[in-house]
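Enquirer: Letter by letter, the chains look like this.
There are 2 protein chains.
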Amino acid sequence: MIDVCLLGTGGMMPLPNRWLTSLMLRYNGKCILLDCGEGTQIAMKKKGLSPNPISTILFTHYHADHISGLPGMLLAMGNAERTEPVLIVGPKGLERVVSSLRVIAPELPFEIRFRELTEGLETFELPGEPAFHITALRANHRVTCYCYSFELERAGRFDAAAAKEKNIPLTYWSRLQKGETIEDPAAPSGVYTPDMVMGPARKGLKIAYATDSRPCDNIVTAARDADLFICEGMYGEEDKLSKAKEKKHMTFGEAARIGAKAQPAAMWLTHFSPSEMHPENYIKAAQKIYPPVVCGKDGKSLTLNFEEDKFGSDADASLPNNPR
Amino acid sequence: MIDVCLLGTGGMMPLPNRWLTSLMLRYNGKCILLDCGEGTQIAMKKKGLSPNPISTILFTHYHADHISGLPGMLLAMGNAERTEPVLIVGPKGLERVVSSLRVIAPELPFEIRFRELTEGLETFELPGEPAFHITALRANHRVTCYCYSFELERAGRFDAAAAKEKNIPLTYWSRLQKGETIEDPAAPSGVYTPDMVMGPARKGLKIAYATDSRPCDNIVTAARDADLFICEGMYGEEDKLSKAKEKKHMTFGEAARIGAKAQPAAMWLTHFSPSEMHPENYIKAAQKIYPPVVCGKDGKSLTLNFEEDKFGSDADASLPNNPR
Chain G
46 MIDVCLLGTG
56 GMMPLPNRWL
66 TSLMLRYNGK
76 CILLDCGEGT
86 QIAMKKKGLS
96 PNPISTILFT
106 HYHADHISGL
116 PGMLLAMGNA
126 ERTEPVLIVG
136 PKGLERVVSS
146 LRVIAPELPF
156 EIRFRELTEG
166 LETFELPGEP
176 AFHITALRAN
186 HRVTCYCYSF
196 ELERAGRFDA
206 AAAKEKNIPL
216 TYWSRLQKGE
226 TIEDPAAPSG
236 VYTPDMVMGP
246 ARKGLKIAYA
256 TDSRPCDNIV
266 TAARDADLFI
276 CEGMYGEEDK
286 LSKAKEKKHM
296 TFGEAARIGA
306 KAQPAAMWLT
316 HFSPSEMHPE
326 NYIKAAQKIY
336 PPVVCGKDGK
346 SLTLNFEEDK
356 FGSDADASLP
366 NNPR
Chain S
46 MIDVCLLGTG
56 GMMPLPNRWL
66 TSLMLRYNGK
76 CILLDCGEGT
86 QIAMKKKGLS
96 PNPISTILFT
106 HYHADHISGL
116 PGMLLAMGNA
126 ERTEPVLIVG
136 PKGLERVVSS
146 LRVIAPELPF
156 EIRFRELTEG
166 LETFELPGEP
176 AFHITALRAN
186 HRVTCYCYSF
196 ELERAGRFDA
206 AAAKEKNIPL
216 TYWSRLQKGE
226 TIEDPAAPSG
236 VYTPDMVMGP
246 ARKGLKIAYA
256 TDSRPCDNIV
266 TAARDADLFI
276 CEGMYGEEDK
286 LSKAKEKKHM
296 TFGEAARIGA
306 KAQPAAMWLT
316 HFSPSEMHPE
326 NYIKAAQKIY
336 PPVVCGKDGK
346 SLTLNFEEDK
356 FGSDADASLP
366 NNPR
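Residue numbers (the working numbering), protein chains in the order written: chain G, 46 to 369; chain S, 46 to 369.
Heads up, a few of these hints could be off.
One copy or two, either will do: identical chains are not told apart, so a pair holds if it fits within one copy or between any two.
[Claimed, not checked] Computed cross-link-like contacts, DSSO-like style, restricted to lysine-lysine with a CA-CA straight-line distance of at most 27 Å: (1) Lys342 / Lys91; (2) Lys90 / Lys292; (3) Lys345 / Lys90; (4) Lys223 / Lys290; (5) Lys92 / Lys75; (6) Lys288 / Lys90; (7) Lys290 / Lys91; (8) Lys90 / Lys285; (9) Lys292 / Lys248; (10) Lys90 / Lys342.
Since the hints were derived computationally from the structure, they do not count as laboratory data.
Just so it is clear, the structure is predicted and the values come from calculations on it, not from any experiment.
Build out the structure end to end from the sequences listed, making use of the hints.
Expert: Structure representation (structure tokens):
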């Protein structure tokens, strides 16, 4: 299960009623924050979320509206008594940019670890079980920018019949189910391994996040068959296409066409231009291209459950506060 | 006349219903911003204020809650098409801190000029008429911190009888009144000077701003006989005195005692600790020490008028929006 909360939906500058685009993912008690513009820590507080459990912060790029809230967020994490290391991920220049911003947050009670992205595509895992894979793919903006996909693995079903047939002692069952290999002289080859009792891996969960980019194949790859795809929609009006091209952003229609190619189950638009006061006015045209696309809104939340349990609708019940 | 708007009243971290402490002064179409924490640009927008007219930004010190909003504010000023230079004033390290933060705001359509404070007391003037004097005095915080006073001069009354008696041509009157010296061979010594027609300077306006400090004589000096004194009140409860001493802040009572010494006409407390959810609960005790003291609140505004016109009460009519 993954809790998703779109903390803000604004692009370029924070507005009194629209925080800057930022996404929070929560699974197994860990939080991952994507982008952190000015005010993101306030948007989190509005949702009743603590900064303490943030273990990883990923940046798409270093335009101010995506990173200006970092010093305050790091200090808030420190004030919330976080002591475990925090991983920060982002394009080339990461350590230089973060160190510069930390001129006003030099002392923190936790270590910062960096993972600088240099390749067109990079995949890495966060520690812990089940495996949580992150894929960063280069997008197409005025500066180096990445989109991300997140995949939470799901192990196969435990096959009790196989375990019985292979005479595996009952006390080992849960350890094998958790992925442990157990040495035991009674085992045929001296060890019991998870694959002896586990069925094939089942469908996990996939989320994709792409903002500040022209449409490109890497975004389609990131969003392919995702359970939820969060994508920028800077401009609602299609006659702003030339502006979108100039500023290296997208119109709603262009975002919807990515959706049509990638076929995510759900799709939310975000990163609205400050000039788009009512983005929902333009969503119908986009839905003609890809029906599942909807406008994100500040605080919009969803709990993604593994297949049997199915989608938890717009399940704000799983997060402490309701969205605005 | 000076418009005053207390944009926020929070200390340490921005909260969903409390912006960080920041003050906006407006006179003669110019704006002066004091401190700029995360979210200050949003607080300004909430009051309907544009970032474009900000000509001067002053910092008390460089703790994040007083400066983290600077990169976003500079970008917002650029987006509002400001092209005139901006003066930034603050303690030692100013250029280094601002340059570091500008890693995410490297390109601006206006020049930044710096005035670094190094002495215990420094006085300077902003360009333009009438003269606007700024005095920076060192306060007493964990890092170097300054408090400020602002004095808008008021010229004397124009003495028409004297002008007539001295046979000064009528066409020169308004120029002399504006402070101009006019060469004319018909004048007794070849020039007409303002002092020939202007009475003695009248009482101007004075505002003082002090935050993040233990009580000290310099704050009393800054606030002496001010029309409005805005002062930190980090803790309402007097039993938090030892905490105030440790963190180098003040209790409401300590702030009120500064008021009693300096005798400002009006006094607002600000920079409330995030733990003080209802600062007004503690104001009565402070008013026993200095009756004019009240709690500031986000967006609290006042127009200070020259003496004849008297105080414009809590004259929010002069600013586009009402306070919250």
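Enquirer: Next step is simple, just say for each hint if it's right about the structure.
Expert: A quick look at each hint next to the structure:
no., hint, in the structure
1, Lys342 / Lys91, "both (14 Å within a copy, 19 Å between copies)"
2, Lys90 / Lys292, "between (32 Å within a copy, 24 Å between copies)"
3, Lys345 / Lys90, "both (14 Å within a copy, 24 Å between copies)"
4, Lys223 / Lys290, "neither (49 Å within a copy, 52 Å between copies)"
5, Lys92 / Lys75, "within (16 Å within a copy, 38 Å between copies)"
6, Lys288 / Lys90, "between (34 Å within a copy, 25 Å between copies)"
7, Lys290 / Lys91, "neither (34 Å within a copy, 31 Å between copies)"
8, Lys90 / Lys285, "between (35 Å within a copy, 25 Å between copies)"
9, Lys292 / Lys248, "neither (38 Å within a copy, 53 Å between copies)"
10, Lys90 / Lys342, "both (16 Å within a copy, 20 Å between copies)"
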